[in-house]
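Asker: Sequence:
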Amino acid sequence: GTVIITLIFAIPAAYAVARLNFFGKNFLSTSILIIYLFPAIVLVIPLYTIFSQLGLRNSIEGLLIVYTATTLPVAIYMLQGYFKSIPKELEEAGIIDGQNWLGIIFKIIIPLSLPAISSVALYVFMIAWNEFLFSLMFLDRPNTFTLSRAIQFLNVGAETPRQYLMAGSVVVTLPILIIFVYFEKYLVSGLTAGSVKG
2 GTVIITLIFA
12 IPAAYAVARL
22 NFFGKNFLST
32 SILIIYLFPA
42 IVLVIPLYTI
52 FSQLGLRNSI
62 EGLLIVYTAT
72 TLPVAIYMLQ
82 GYFKSIPKEL
92 EEAGIIDGQN
102 WLGIIFKIII
112 PLSLPAISSV
122 ALYVFMIAWN
132 EFLFSLMFLD
142 RPNTFTLSRA
152 IQFLNVGAET
162 PRQYLMAGSV
172 VVTLPILIIF
182 VYFEKYLVSG
192 LTAGSVKG
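In this text, residue positions in the sequence shown follow this note's numbering: the first is 2, and each later residue adds one.
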């Protein structure tokens with residue numbers, strides 16, 4: 002869910018930063034990652050208070066909001082670099098053919114950017130999949146636990162067999178390992194494309 006929501010917002014935002022001219026564009030494109038200057042622990046207590054008042058604590062929906070907010074900046078930053086490497090002539094040809102901006106994004110930008118989108122999707126998935134702090138603070142009911150939170154929940158007593166924790170760690174690691182091996186070529190090309198001008 003986090004991957005889909007993040008991409009829905011990140012793709013048009015990254016395209017706007019990469020292609021459109023507006024006041025403060027240069028500042029925005031270089032300051033997107035400022036949020037990562039603040040450690041997550043600084044945000045936990047304010048978010049805990051707000052989400053408790055809104056009734057979003059102990060809900061997957063609340064966690065989705067947090068995960069999307071924390072992954073969106075890096076997704077925009079990664080995608081804008083790739084979008085800048087796409088020749089503008091292709092978009093101009095699309096405009097001549099009668100495409101609007103939405104058509105250009107869906108019919109030109111996205112098909113040409115699949116390697117970058119795949120790498121961003123994998124990166125966002127890894128962040129959300131491995132996240133522990135917010136799930137520890139926000140989720141109290143076992144039926145809402147993420148995998149990392151569930152593994153911590155197993156370790157509540159002194160008699161917890163270590164093999165259970167190790168097995169849980171393997172279960173958490175396997176999906177990312179399988180996805181990474183399968184999408185490795187897209188990940189490498191997506192991370193390197195747009196990094197060199199010329």
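I should point out that these hints are in silico values taken from the structure, not numbers from a laboratory. Note that the Cβ used here is the ideal one computed from N, Cα and C, for glycine as well. Wrong hints could be hidden among the right ones.
Result set (DSS-like, lysine-lysine): computed pairs, CA atoms no more than 25 angstroms apart in a straight line [unchecked claim]:
1) LYS89 <-> LYS26
2) LYS89 <-> LYS108
3) LYS26 <-> LYS85
4) LYS85 <-> LYS108
Okay, the calculated beta carbon distance ranges per label pair [to be verified]:
5) ALA151 <-> ASN101: 26 to 36 angstroms
6) ARG163 <-> ASN22: 30 to 40 angstroms
7) PRO88 <-> GLU62: 38 to 48 angstroms
8) VAL173 <-> PRO88: 35 to 45 angstroms
9) ALA151 <-> ILE51: 19 to 29 angstroms
10) SER53 <-> GLU185: 39 to 49 angstroms
11) GLN54 <-> ALA151: 24 to 34 angstroms
12) GLU90 <-> SER53: 49 to 59 angstroms
Asker: If a hint holds in the structure, say so; if it does not, say that too.
Answerer: Evaluation of the provided hints:
no.	hint	in the structure
1	LYS89 <-> LYS26	holds, 18 angstroms
2	LYS89 <-> LYS108	holds, 14 angstroms
3	LYS26 <-> LYS85	holds, 14 angstroms
4	LYS85 <-> LYS108	holds, 17 angstroms
5	ALA151 <-> ASN101: 26 to 36 angstroms	violated, 46 angstroms
6	ARG163 <-> ASN22: 30 to 40 angstroms	violated, 58 angstroms
7	PRO88 <-> GLU62: 38 to 48 angstroms	holds, 40 angstroms
8	VAL173 <-> PRO88: 35 to 45 angstroms	holds, 41 angstroms
9	ALA151 <-> ILE51: 19 to 29 angstroms	holds, 25 angstroms
10	SER53 <-> GLU185: 39 to 49 angstroms	holds, 42 angstroms
11	GLN54 <-> ALA151: 24 to 34 angstroms	holds, 27 angstroms
12	GLU90 <-> SER53: 49 to 59 angstroms	holds, 52 angstroms
Violated hints, listed in ascending order, are 5, 6; each of the other numbered hints is respected by the structure.
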